[in-house]
Amino acid sequence: MNTEYIAQQIVNGLILGSMYAMVAMGFSMIYGIIRLINFAHGDVVMIGAFCTLGLFQVLGAPFPLVALVVLTAGALVGILIEKGAFRPMRGAPQVTGFIASLAVSIMLQNLGILFLTAQPRNFAFPDYLQKVHHVAGVSFRVVDMGIMVSALILMCGLVLLVNKTRLGMAMRATAENIDVARLMGININRTIMATFAIGSALAGIAGLMWGGKFGQIDPLMGFVPGLKSFVAAVIGGVGSIPGAILGGFVLGLAEVLFVGLLPPIYSAFRDAFVFFTLILILLILPNGILGRNLEDRA
Amino acid sequence: MLEIRDIHVYRGQTYVLQGVSLEVGRGEIVALIGANGAGKTSMLRTISGLLRAKSGQIMYQPDANGEKIDISRMSAERIVNLGLCHCPEGRGIFSQLSVRENLLVGAYLNKDKQALADDYKNVCEIFPILGERSDQAGGSLSGGEQEMLAVGRALMSRPRLLILDEPSLGLGPIIVDNLFAILRQINTQGVTILLVEQNAVMALEYADRAYVLENGRVTLSGPSRELAEDENVRRAYLGGL
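So the sequence lines, in the order shown, correspond to chains F and R.
Take the first sequence: its letters are residues 3 to 300, numbered as in our numbering.
Take the second sequence: its letters are residues 97 to 337, numbered as in our numbering.
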């Protein structure tokens with residue numbers, strides 16, 4: 003085990019982490035604004051992946067267009083889920099929304115199986131994206147770098163949006179106190195919808211990345227990344243966007259290093275390790291790394 | 097300016113307002129006093145659209161010569177847009193937003209950058225402490241400063257009718273005096289004020305007229321000076337002085 007090998011694992015961890023972070027940000031935004039743990043969020047990843055497959059491989063659309071359409075599709079799915087499932091139960095106890103999100107998740111998975119079959123499909127990006135580069139003993143594909151770079155750009159974009167724009171201010175105000183936000187003239191329905199749209203667009207694009215990274219997609223693929231991104235959001239401090247980013251990277255690195263540095267016999271336990279990490283961090287920092295201590299947080 | 101006609105409001109199963117009527121004239125300061133649980137906060141929440149009345153009308157006339165609008169079925173965010181601003185119970189400061197953002201969010205519907213900058217400057221003149229602390233988180237301010245911020249934030253929306261829910265809550269007597277003096281100053285600049293107060297002494301001293309709310313009904317009303325002399329009011333709300 004040499005330094006090059008370790009460097010390679012770190013790069014792999016960062017790539018995985020940036021995908022977790024993409025999904026975790028949406029999780030955290032949605033939780034932050036309406037205290038909803040949205041288990042259907044991972045399935046938006048699946049929808050993003052299948053959109054990419056359809057546009058890219060079946061229709062042969064150019065890559066930037068695909069990315070744009072996948073972002074839009076993610077946003078639309080988010081809006082649809084919010085309007086259809088969560089808006090009607092606004093004001094209901096937290097657990098109601100949580101159960102509803104499980105229902106939405108199961109529905110999306112089964113719709114996927116119904117229309118797309120449960121058969122996993124190969125997800126092959128064109129050769130120029132698959133080309134392998136070697137830098138200082140670390141090898142990566144163009145698509146891997148693409149994932150990292152676009153994730154970083156989107157993260158910065160989101161942080162700026164939330165902290166510097168009028169919509170971002172409305173989102174933060176609504177997250178803190180819905181009634182007072184209404185008294186300020188903020189249209190909370192529109193603000194909550196925008197939050198779902200943005201968070202789900204990021205999940206959609208994460209689906210594109212996921213497919214590009216692992217090369218195979220199926221209608222149930224959203225469950226594990228969804229769950230792990232939830233873990234990432236909780237590790238970072240749910241409700242906090244920088245926390246979700248940090249949590250995503252911590253989890254991605256921890257997972258890859260666990261598999262890469264321990265004898266191969268342990269690698270089957272990678273998911274168990276992820277949840278062990280969660281328990282360990284929450285024992286030390288009950289609100290996550292960057293979380294604030296707010297009384298009604300789950 | 098504001099005319100409430102026989103409104104009935106339920107909060108869950110509780111019948112909180114049982115046919116309340118009241119009026120606020122243009123340019124007045126009107127106080128609503130009463131014990132805990134009398135329905136004062138529900139009254140204000142109904143006016144600003146956070147609660148829906150089961151029946152009754154709330155007629156609001158933003159302009160002296162303009163039309164009267166029934167706002168009892170209107171959403172809270174549209175009501176603010178008519179210049180009716182409600183400063184909620186417990187101040188409702190956004191503790192994680194900076195002081196500046198708290199003020200800007202008060203003017204959320206105003207998209208005119210120049211007007212926004214002018215209003216911001218004005219508010220910082222009335223409350224210099226807010227200008228000094230503009231980058232601090234709202235939650236880091238003291239109670240008195242938070243109340244200033246709440247009033248400042250309300251002013252940012254250019255209210256014609258300002259509704260305040262217990263502005264004196266938890267504040268020391270000097271700060272309360274100061275605050276009421278500022279409210280009077282705001283009032284003389286043309287802002288009508290409706291306020292709910294536990295501190296009946298203070299409310300009756302500054303208000304033109306007052307209503308006494310008991311168990312969801314108006315039991316007494318009239319000019320503040322008369323109410324302050326009233327035997328029952330003195331016994332119940334002014335500590336029997």
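No wet-lab data here; the hints were simulated from the structure.
If you're wondering where the values come from, they're calculated on a predicted model, not measured in any experiment.
A few of these clues could be false.
[Stated by the list, open to error] So these bits of chain R aren't anywhere near chain F, every CB distance computed over 12 Å: (1) Lys164; (2) Ile165; (3) Ala203; (4) Ile271; (5) Arg313.
[Said to hold, decoys possible] Computed, partial: chain R to chain F, Cβ under 10 Å: (6) His182; (7) Asn198; (8) Leu267; (9) Ile270.
Virtual Cβ for every residue (Gly too), placed ideally from N, Cα, C.
Consistency of the hints with the structure:
1. Lys164: holds, 21 Å
2. Ile165: Per Cβ check, Ile165/R is outside 12 Å of chain F; nearest 16 Å; holds.
3. Ala203: violated, 8 Å
4. Ile271: Its Cβ never comes within 12 Å of chain F, the nearest being 22 Å, so this holds.
5. Arg313: holds, 25 Å
6. His182: holds, 5 Å
7. Asn198: holds, 9 Å
8. Leu267: violated, 19 Å
9. Ile270: violated, 27 Å
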